[in-house]
Amino acid sequence: MEAINNLLSGSNVTDVLFYVFAVLTLLCAVLVVANPFSRNPVTSAMFLVLTIISMSGLFLLLHAFFLAAVQILVYAGAVIVLFIFVIMLLDLKEEQRRKIKFFGLAAGLVSVGIVVSIFLKSLASIQPNVAEPALEGETYALGKLLFTHYTLPFEIVSVLLLVAMIGVILLSKKKLE
Amino acid sequence: MHIGIQHYLAVSMILFCLGLLGVIMRRNLLVIYMSLELMLNAANLALVAFSRFNNKLDGQVLVFFIITVAAAEVAVGLALIVALYRKRQSAHVEDLTSMKL
Amino acid sequence: MSILTYIAGWPLLAALVLIVVPRNFRVIIRAIAVLATLISAVLAVKMFCNYGSALPDADGYRFVQQIPWVESLGISYHVGVDGLNVGLILMGAIVAFAAALCSFEIQTREKEFYILLLVMTGGILGAFASLDLFFFYFLHELALVPTFIMIGVWGRGEKKNYATFQITLYLSIGALIALIGLIALYIQCGANTFDIPKIIEHAKTNPLAVNAQNFIFPLLLFGFGILVSLWPFHSWAPLGYGVAPSPTSMLHAGVLKKFGLYGLIRIALPLMPQAAQSWAHVIAWLCVGNILYVGWVAMRQKDLNLLIGNSSVAHMGFIFLGIASLNLIGITGAVLIMVAHGFLAALTFALSGYIYKQTGTLEISALGGLCRKLPFIGTALVMAAMAGCGLPGFANFVGEATVFFGAWKAFPTITVIALWGALVIGGIYMTRAIRNVLHGPLPEKWNSLSDASHLWRKLPYALLLASLFVFGVWPRLLTEKINPDAVKIVAQISPAPSADKLVAQSENSGVRN
Amino acid sequence: MKYENLPWLILFLPLISAAVITLFTLRSKTVSSLISIGAVVAGFVMTVIFVNANGMQFSGETSLQWLEIGDLKADFGLKLDALSMMMLFVVTGVGGLIHIYSYGYMHEDRSMARFFACLSLFTFSMLGIVLANNFLMMFISWELVGVSSYLLIGFWFEKPSAGDAAKKAFIVNRLGDFGFLFGILMVWGLLGSLNFSALQNSITANPAALGAMATTAGLLIFCGAMGKSAQFPLHVWLPDAMEGPTPVSALIHAATMVAAGVYMLCRSLFLFNADSLHVISYIGGFTALIAALMAVQQNDIKRIIAYSTLSQLGYMVMTVGLNGPTPAMFHLTTHAFFKALLFLAAGSVIIGMHHEQDIWQMGNLRKKMPITFLTFTIGTLALCGVPPFSGFYSKDAILAQAWEQKSYLLFGVAVFIAALTTFYTFRLFFVVFFGKEKSDHAKHAHESSLVMTLPLVILAVFSFAGGFIGITNNYGSQFVHEHETFSAWQQFAEPFHNPFPMVCGLVAFAIGFFAALSLYKNATSDPLPKKLGGLATLMKNKFYFDEIYEATFIRAHDFLAAVADWIDRWILEGAIIGAIRGGTDLSGRALRLAQTGNLQTYAFLFVLGVALLLYFVLGK
Amino acid sequence: MNASLNFIGLEISVIGLGLVLMLADFFVPAERRRFIGYAGIAALGVLLIMSFSGNGTCSNFGFGFNNAFVNDGLSLFFKRFFIVAAILVLFIAAEFSDKLAAGSIAEYYSLIIFALAGMLFAASSNDFVMLFVAIELITVTFYVLVSFQRSKVASLEAGVKYLILGALSSSFMVFGIALIWGTTGTLNFTELAAVAPQFETSRIFLLGVLLVLVGLGFKIAAFPFQIWAPDVYQGAPTPTTAFLAIGSKAAGFVLLLRVLFTAVPSVTLHWEKLLIVISAITILYGNLCALPQRNLKRLFGYSSISHAGYLLLGVAALNANGQAAILYYLAGYLFTVLAGFLVIALVLRHLETDDVSGLAGLSQRSPLLAATMTISMVSLAGIPPLAGFFGKFLLLKSVIEAAQKSHHYGYIYLVFIALAGVVISLYYYFNVVRAIYWSKEARDLSPIALSAPAKLTAWVCIAGIFWLGLFPNTVLNLANQAATVFVAVTK
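Protein chains in written order, with the numbering used here: chain A, 1 to 177; chain B, 1 to 101; chain C, 1 to 513; chain D, 1 to 620; chain E, 1 to 491.
The hints are simulated quantities; they were obtained by calculation from the structure and are not laboratory data. None of these values were measured; they are calculated from a predicted model. Glycine residues also receive a C-beta, built at the ideal position from the N, C-alpha and C atoms. Heads up, a few of these hints could be off.
Claimed, not checked - Calculated cross-link-like contacts (lysine-lysine; reagent style DSSO-like; alpha-carbon spacing at most 27 Å): (1) E/LYS455 to E/LYS99; (2) A/LYS121 to D/LYS531; (3) D/LYS159 to C/LYS357; (4) E/LYS273 to D/LYS620; (5) A/LYS173 to B/LYS87; (6) E/LYS152 to A/LYS173; (7) E/LYS273 to B/LYS87; (8) C/LYS46 to C/LYS488; (9) B/LYS56 to A/LYS121; (10) D/LYS159 to C/LYS445; (11) C/LYS198 to E/LYS405; (12) D/LYS73 to C/LYS488; (13) D/LYS438 to C/LYS302; (14) C/LYS445 to C/LYS302; (15) D/LYS540 to D/LYS438; (16) D/LYS620 to D/LYS540; (17) D/LYS540 to D/LYS159; (18) E/LYS99 to C/LYS111; (19) C/LYS373 to D/LYS159; (20) C/LYS204 to E/LYS405; (21) C/LYS111 to E/LYS455; (22) E/LYS440 to C/LYS357; (23) E/LYS99 to B/LYS100; (24) B/LYS56 to A/LYS101; (25) B/LYS56 to A/LYS144; (26) B/LYS87 to E/LYS152; (27) C/LYS159 to E/LYS440; (28) E/LYS273 to A/LYS121; (29) C/LYS160 to E/LYS440; (30) C/LYS409 to D/LYS73; (31) D/LYS521 to D/LYS540; (32) E/LYS99 to A/LYS173; (33) B/LYS100 to E/LYS152.
Stated by the list, open to error - Pairwise CB distance ranges, derived in the manner of DEER restraints: (34) C/GLU480 to E/PHE416: 40 to 46 Å; (35) D/ASP585 to E/TYR409: 25 to 31 Å; (36) D/LEU374 to C/PRO443: 52 to 58 Å.
Same shape as in the complex, but just chain A (with noise of 0.2 Å):
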């Protein structure tokens, strides 16, 4: 009743927008999943887009300015584009409406459905902080320790780019010698 009031009351914008981010995310990725109108990998790709941007809506609430920026370029701009260039390129049709089994539906949602309780139940255990946030996702901030404190993995990740462009490579030269 009271979260209600003060949504109502608007005494406090960020709380709202948060609200309208987290419905709008949670209700993109339900479409990316299951959507009832279409099974097609295009419609869950363009989901995916909503999805992430109205993600990058909750980085910007939590102040991480270059994460969300970050998150609609790379996401946004990259991979779903990918996906989607790939949707396209092998002309995929709808997924077919087989029979769903019961049995397999009822078993995938009992598990994950214990997977949801267990972590509702342990979101439950979590003492709400009392301090106001004060961090600030400073770009110069995140970028001085990117590249003093965690320059190892970044360089790791350097090499792992090389292996993935390799690998791309390899996988989809045309002619196998």
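Given chain A's structure and the hints, the job is docking chains B, C, D and E onto it.
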């Protein structure tokens, strides 16, 4: 009630579980892969939220790495799926059962 | 270097040499194998003869050699003999020599066969000589694995595959259970050493807790019991021996099988006296299964090797009975039978192997009257059968009689049952076998059989028979050696002193507190 | 004691002979037989020398340490006293003669060397029994005797019946040995020693030392004798044992080995209390009775004599049971003479008849085989207890013992048996030697060679004179404390001290003789079955003991064996191991069904795994 | 920073080597490219020798990069281990090269080297970021390596399965790391160890740790995350399978050890039951499923699951001996498994099937390979005098020690389950041996020509197996020393 870490974490966890559902319910490899991205993003959200509420930037650095690695994985993964599609003309999990038992 | 190292080492070295010998040098391969085992046997005889004059070390072992192996675990290569294993090593070396001689029956892949045979020989002789728990087990396993392969590759009959897997899995279970027991013993003892004399010494002042004993003892009992075909874990034995090539059966039934019994006497009894006492009844009743039940099973067999295999299982019962009696006479008797049965089992399997080689069957109903065509083999088989049913003059009798005397004090009822098994049931199936295999008219088809003619062919059988005779006629050769060490073991088992010690100890600790 | 080492030599010479023959001279019949004969004859000579030097009335022991483990002390020891000396004479003397006889009898056999090796082995073992100074040594020899008997019964192993008989003898003996060793264990457990002298001392010192187990222990020890001396119910092997060569029957199954049981009883007489002796005497009497009855309807010459042996052994055992070791041993000795004589003579007949053993194929052989006939007659007369033949004295001593012990039932039985003995012996006698030749073989029968007839003659002499050459004196010195030595004349007149039993014995003889005479003088077939009807069938079929044992003991063991085998095959191997194997295999096949190859299943299982993991740790 | 560079000289060299090998492609004609591998082997050999001579940076103990990177006994042990593994895998790859797309063999080598680099980093990881990137480097490289035989559907299918499940496990792990960091505020193992006790009851923290374990459990193929192993093992090119079986698994184990015993030891102590159950089920699952298996590579897949179970015995024992035993066992497993895959690569490369029957008649075709395979199988089965026996001995010993110390009945059950597993495994291992020596199905009896490097590899593997079985002292001391890294975990 003020929006605290638990709110963000709840969103993150629900997102994570949605991704999980996608992985185990969908049959299209690409959609499965997208669901995996959802799960990674859930982790990202949790990290950013923790970063904000713990007042430490390390979480955001980790997010940076996760995004990078995810991008690399996506690249390799999609290439692999494409290669497979070329062989099999299918991106459905039911068609990938030549090895079993 | 201790002579024991040479006894166990020559066969292993020869096995290594054989690896590089080309496989078509058949004569050389065989010669190397025979020579290596011969050297072992001669050295073992020498060791046996010099036993009295060799100086024992502080723990009472002779011909000792110790080389650290893994210091952090307290494992060392430690060999030595006392009365308990001196006879076993002699027996093992002689049987190995006989088995190598009998291996002429192997015609395919001889090189591999001889390598395995030599590994088996070296392993088991080493295991008996070992005074280190780890090597004790390690070398036994080393000897056990060739058995499986030999049965699998050179075995005979339709049930070969089944039998190979059966014996492999069954014995591995036993070996592993025993291994767990040994490790638990090592840990529980807390001396941080695998050295048997040290552990025993340590246990004298820090006896194992009774509940630990009651956990470890059954592990060793059943682990070793499976290896020795203690009833009801015996069914692998006749099956395995039924299909095994005879040199393998000789070495396994004769020598390798004694490992478990030796382990019980050497390790389980002195270290876990209380548990031994509480389990003695169980062992004694299980013996009845071996002696009586398996005796009956043997009566029913239609295949000579199965019959011999079952009778060998039945004989194990006497040894267990001796062990269960937990007194000097019983334990001495058990060791005596271990040695005697080694020669006997080797002899019987060698003979059945010869018959199989000649006739291509061991189906009792298909045989008959063989004494006419095979007087030497037949006579030897009669002798073996007689030794098998406990005829005096052969070493088995001495052992069995001793066991009966020992067990009489502890388990009169079971002793009587064992007597029945030994004298009557043993007599029935052995004489039936003689009657059906050797006596009676000779079927037409066996007219072309030929007897073991020249000396080399006769040698293994003669050697084994002679050994049986020597120890049967003059058992003091063994008992004088066994006695002092059996006394030590019995002293550790006997309830009164150890209980006193426990009481004294608790009082001491009470005072300290 | 002079020539202390001589007994060792006597004992071991036959063993050496057996070893030498087996190892070296199996190919030469003559050398082998000479070695064997030499060993036993030398044994006899040395016995004579030893006894001459030491006299009969002494007692000594000599031993080597053989086995000593804690409380278990078993020496390889010899007990030298009148009892063992007399037995030495019997074994080496009668044995020697039989060895010599065998040389002739077995001449045609290609395995003669093996025969003599076994015979030597037997001699060694028998001497071992005789000389043993403790139970374990005796048991060892006991077993060895059993095995030599086994080997010799099965000598012609190609004959299925010989193989079967050997097997049967061995197993039945083993049954007795079971009790024997059981008894030895019990005695050792109670008295702590195996040595006869030590045991005797402790029993003398404390007659109740055996306590409540006294009767049991005694009867268990007696089981040994029951097996070896073929007492009811373990008597069934002896008649079958006649499948062996005839000298073997004479030596082992008449003169020596079967007497070992009686000897053992006498040796360990101090162990038996009144109750156990009582049982022993009745078993002996019963055995004697049924054996005599069975003998009446047998047609095989050797089997008749075998049943007679059985019957006489029953006599001896009965006498021991009546606390009469001296008469028992006396009868044992004379029986050794005349029964060996009878067997050897029968052997001679068999050789003469070209291995025909059915008495109804013989007839009128007295003309063709005079020496055999004569000696056989002497043996018969001795067996039937005709004065002054040796059998008369020993049998009279037995009857007198029964009478004096006031065991009138047994006395009556004994007299009845005496009559039966005479009857069946003369039945044999008449049918074989008188009347008409009943077959071609009988017509062409011939007398045996000198090497065979000579032992017959010597044995005949002893069968005749055995009653008054001082045998009782020697035994008496062993068993009777205030013993006086009788002169030959006194011995001759001994039966008249107690005339009633003597008269009874003579009357029994007369009845038996005239019955046989009237029925069989010129008979060509047996008239008795018609007269006796069912009883004759019973007798002929040995009261169906074999069949009864077949149906009980053997069947029971075979049944148990079948059950055990079934359990082994189907429960242990089949059900339990099979279930473990099958269960393992099945669970493997079931488990891997999870491995569907479908990625979605995998993902699901993965998530399920996560769920389980989380639930396991955080579920509470 | 410069000081920190002293620690990663080895890793830099390895990455450099990977780049060089890749570039070598341009300068070496296609038919000679398989020899590039030998250059890589030589270079790795030099690095390996340096690690023993004391000149190598990896024996320069200490922390670097703000404690994110650690060089200690454990990392040293594993770095040597990974280099040896890579060397042997390169040998196998060189033999197998004609089955790969010929032009891309140099890339294959360099990918192996990059995976090796990832493993080296994993061995030295001391914080979760390092852990994450190192694992991802390994995993992403393996995605490519598994699907490298593009012409084979099975290879691609295996690649996709590994990809999806790998990414799934990565997601769990990342989420777990997020939760751990969120609750404790630190990513560094050492720091975490200090603060972990106060979070022992925090559900969210425990959830985080568990989710990290999911990721690591996937790498080592422990139950319930073992499901991918058989398919991927079967489908991947044989050298990849070999490297996956030994390298990837060992990397998983070193990280598992670090996380459990360096980062959150206080939590681990409460999880003995969990570890026992996981270990027991893993052993049973692997062995039981392998029983009816006829496909050799798939058999190795199941067998690798069971061996993960055995290795987990050492984890479950929660004592230093257990940790040392894991290291020892892995060392033995290295030679054993690579021996097996060498034979598979050499024998089955010309056959369409991976069936066990393909080995029929091997004893006549090539006694050396037959012996190698036999020794490998016997060692896997844990029979003396081979490496597998001593390793299992140490593992069992550590568990029995734990049983004695904790009086936890679970340990005793665990011992017997391990025992049952060993016995079951005998059946299928001996089935392989049987196929080699006395199978009646042998059709092709032509001798197999072996190149000198292949022979050398076989002999090295055999020597390694025997060496570890007969002379355990050296490696055992190294393992014991390495295990001292962990906070003494005692109860």
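Against the structure, the hints come out as follows:
1. E/LYS455 to E/LYS99: Roughly 19 Å separates the two Cα atoms, so the pair holds.
2. A/LYS121 to D/LYS531: Roughly 108 Å separates the two Cα atoms, so the pair is violated.
3. D/LYS159 to C/LYS357: 26 Å, holds
4. E/LYS273 to D/LYS620: 15 Å, holds
5. A/LYS173 to B/LYS87: Answer holds: A/LYS173 to B/LYS87 is near 13 Å, not above 27 Å.
6. E/LYS152 to A/LYS173: 15 Å, holds
7. E/LYS273 to B/LYS87: Not satisfied, since the Cα-Cα distance of roughly 46 Å exceeds 27 Å.
8. C/LYS46 to C/LYS488: Holds - the C-alpha atoms of C/LYS488 and C/LYS46 are around 25 Å apart, at most 27 Å.
9. B/LYS56 to A/LYS121: Given that 27 Å is the threshold and the Cα spacing comes to 26 Å, the pair holds.
10. D/LYS159 to C/LYS445: 18 Å, holds
11. C/LYS198 to E/LYS405: Roughly 22 Å between the alpha carbons, so the hint for C/LYS198 and E/LYS405 holds.
12. D/LYS73 to C/LYS488: 19 Å, holds
13. D/LYS438 to C/LYS302: The hint is violated at about 46 Å.
14. C/LYS445 to C/LYS302: Cα-Cα ~19 Å, so holds.
15. D/LYS540 to D/LYS438: Satisfied, since the Cα-Cα distance of roughly 21 Å is no more than 27 Å.
16. D/LYS620 to D/LYS540: Status violated; Cα separation ~89 Å.
17. D/LYS540 to D/LYS159: 23 Å, holds
18. E/LYS99 to C/LYS111: The hint is violated at about 36 Å.
19. C/LYS373 to D/LYS159: 15 Å, holds
20. C/LYS204 to E/LYS405: Status holds; Cα separation ~22 Å.
21. C/LYS111 to E/LYS455: 22 Å, holds
22. E/LYS440 to C/LYS357: Distance of about 23 Å is within 27 Å: holds.
23. E/LYS99 to B/LYS100: Holds, at roughly 23 Å.
24. B/LYS56 to A/LYS101: 47 Å, violated
25. B/LYS56 to A/LYS144: With Cα atoms ~13 Å apart, B/LYS56 and A/LYS144 stay inside 27 Å; holds.
26. B/LYS87 to E/LYS152: 9 Å, holds
27. C/LYS159 to E/LYS440: Distance ~16 Å between C/LYS159 and E/LYS440 Cα, so the pair holds.
28. E/LYS273 to A/LYS121: 22 Å, holds
29. C/LYS160 to E/LYS440: 14 Å, holds
30. C/LYS409 to D/LYS73: Answer holds: C/LYS409 to D/LYS73 is near 15 Å, not above 27 Å.
31. D/LYS521 to D/LYS540: 21 Å, holds
32. E/LYS99 to A/LYS173: Given that 27 Å is the threshold and the Cα spacing comes to 17 Å, the pair holds.
33. B/LYS100 to E/LYS152: Since the Cα atoms of B/LYS100 and E/LYS152 sit roughly 16 Å apart, the hinted pair holds (cutoff 27 Å).
34. C/GLU480 to E/PHE416: 40 to 46 Å: 43 Å, holds
35. D/ASP585 to E/TYR409: 25 to 31 Å: The hinted range 25 to 31 Å holds for D/ASP585 and E/TYR409, with Cβ atoms some 28 Å apart.
36. D/LEU374 to C/PRO443: 52 to 58 Å: 46 Å, violated
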